[in-house]
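Got two chains here, separate frames each, mind docking them using the hints?
For the record, the sequence lines run as chains L and C. For the first sequence, the working numbering assigns the number 349 to the initial residue and increments by one for each residue that follows. For the second sequence, the working numbering assigns the number 151 to the initial residue and increments by one for each residue that follows.
The hints are simulated quantities; they were obtained by calculation from the structure and are not laboratory data. Treat the hints loosely; a few may be bogus.
[What the hints assert, rightly or not] Simulated pairs of lysine-lysine, DSSO-like, Cα-Cα distance not exceeding 30 angstroms: (1) C:Lys172 / C:Lys192; (2) L:Lys405 / C:Lys207; (3) C:Lys187 / C:Lys261; (4) C:Lys221 / L:Lys405; (5) L:Lys405 / C:Lys261; (6) C:Lys172 / C:Lys187; (7) C:Lys207 / C:Lys221; (8) L:Lys359 / L:Lys401; (9) L:Lys405 / C:Lys172; (10) L:Lys359 / C:Lys192; (11) C:Lys187 / C:Lys221; (12) C:Lys207 / C:Lys218; (13) L:Lys418 / C:Lys192; (14) C:Lys187 / L:Lys359; (15) C:Lys187 / L:Lys405; (16) C:Lys221 / C:Lys208; (17) C:Lys207 / C:Lys192; (18) L:Lys418 / L:Lys359.
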Amino acid sequence: DAGITQSPRHKVTETGTPVTLRCHQTENHRYMYWYRQDPGHGLRLIHYSYGVKDTDKGEVSDGYSVSRSKTEDFLLTLESATSSQTSVYFCATYGTGQETQYFGPGTRLLVL
Amino acid sequence: GENVEQHPSTLSVQEGDSAVIKCTYSDSASNYFPWYKQELGKRPQLIIDIRSNVGEKKDQRIAVTLNKTAKHFSLHITETQPEDSAVYFCAASNNAGNMLTFGGGTRLMVKP
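Chain C on its own, in the form it takes in the complex (with noise of 0.2 angstroms):
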């Protein structure tokens, strides 16, 4: 099955700073990667996903990249911000959103 990596587990910035999180997957097959962020003590929300015809996508000060050759993706915060203070779950998966495999999460910290 999908076996997804997720690094660092924790990356603490200075606000204005960028933030970088690297995720890899191991199949292949796998075409199409959300990103979620979870505040403290609630549900995890999807802020950017992209697809295996994409190699960026970016909304705002979050960008998405995708090498599928490597497979890896990373996600991309500019100008961070304290509200950007959450845990980070990438996924991954082979059939739209219907089975995804999650990597372990990285908990960001912007230090004001």
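Isolated chain L (complex conformation) (with noise of 0.2 angstroms):
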């Protein structure tokens, strides 16, 4: 599974709170992606890291900012957590030798 982990796993939080999710490779892969998924809306791309302090915007962005400060760790942070950022996110990464992405484990995220 491209040695992608992700923290916290599953995560319960209050609206207006900030949360930070961490994405973690130890594959050395350029290319980052954070996804969410929602029922009827498979994958959306939230935002994307194209290498270190390098990153952009996806379909999802609102409310959600990244940080890439080294190769293995991409961070996503909702600044202001609210109920319509409950859902699961995804991880992935795509670099050299990879045909595809490949996904972390996801994390859970409630937002009450």
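What follows is the structure in structure tokens.
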């Protein structure tokens, strides 16, 4: 599974609080991605990174920010969590030698 | 940008029957089409992929076909088994696995 871990795996938080999710990879892949998965919507891209300190917005980036200070770590931050951000969040990576993106185990986030 | 439509959203078959899931895409520049399988509570995992220079690809009981003219591709599962029960996602990209646009997913249920 391309050596991808996510933390935490489960989180319950309250509306208005900041939340940071971490994705860690051990494959030295250049590209990293954050998706959210909701029923009926499949996997939607939030933000992605194409290198250290290089990031760009995806389809559903409002309310989210990201940072990548090291190749192996990609952080997703919800500045002020809302109930609409309750979802399952998947990190993915893509790099040399891979045919496609491979996913981490996911983080289940509940915003009350 | 790319838009990927996937049908049906749910599919129920008897064990041993075949299952077909269809996807259409909008960007004629798309040239890479992976399929992912996601078991309940798990991460999406690649099961098969096809590139635009190939019309069909098989791997044991699964096959994918691509019609570039009509801009659609399909997943075929033969001799279905209960362990094939999962959600299946199609995706499209014009740059290998770098940027993927996903379909909305198909929940396949195989009844014993």
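Check each numbered hint from earlier against the structure, then list the numbers of those it violates in ascending order.
Hint check: 2, 5 fail, others pass.
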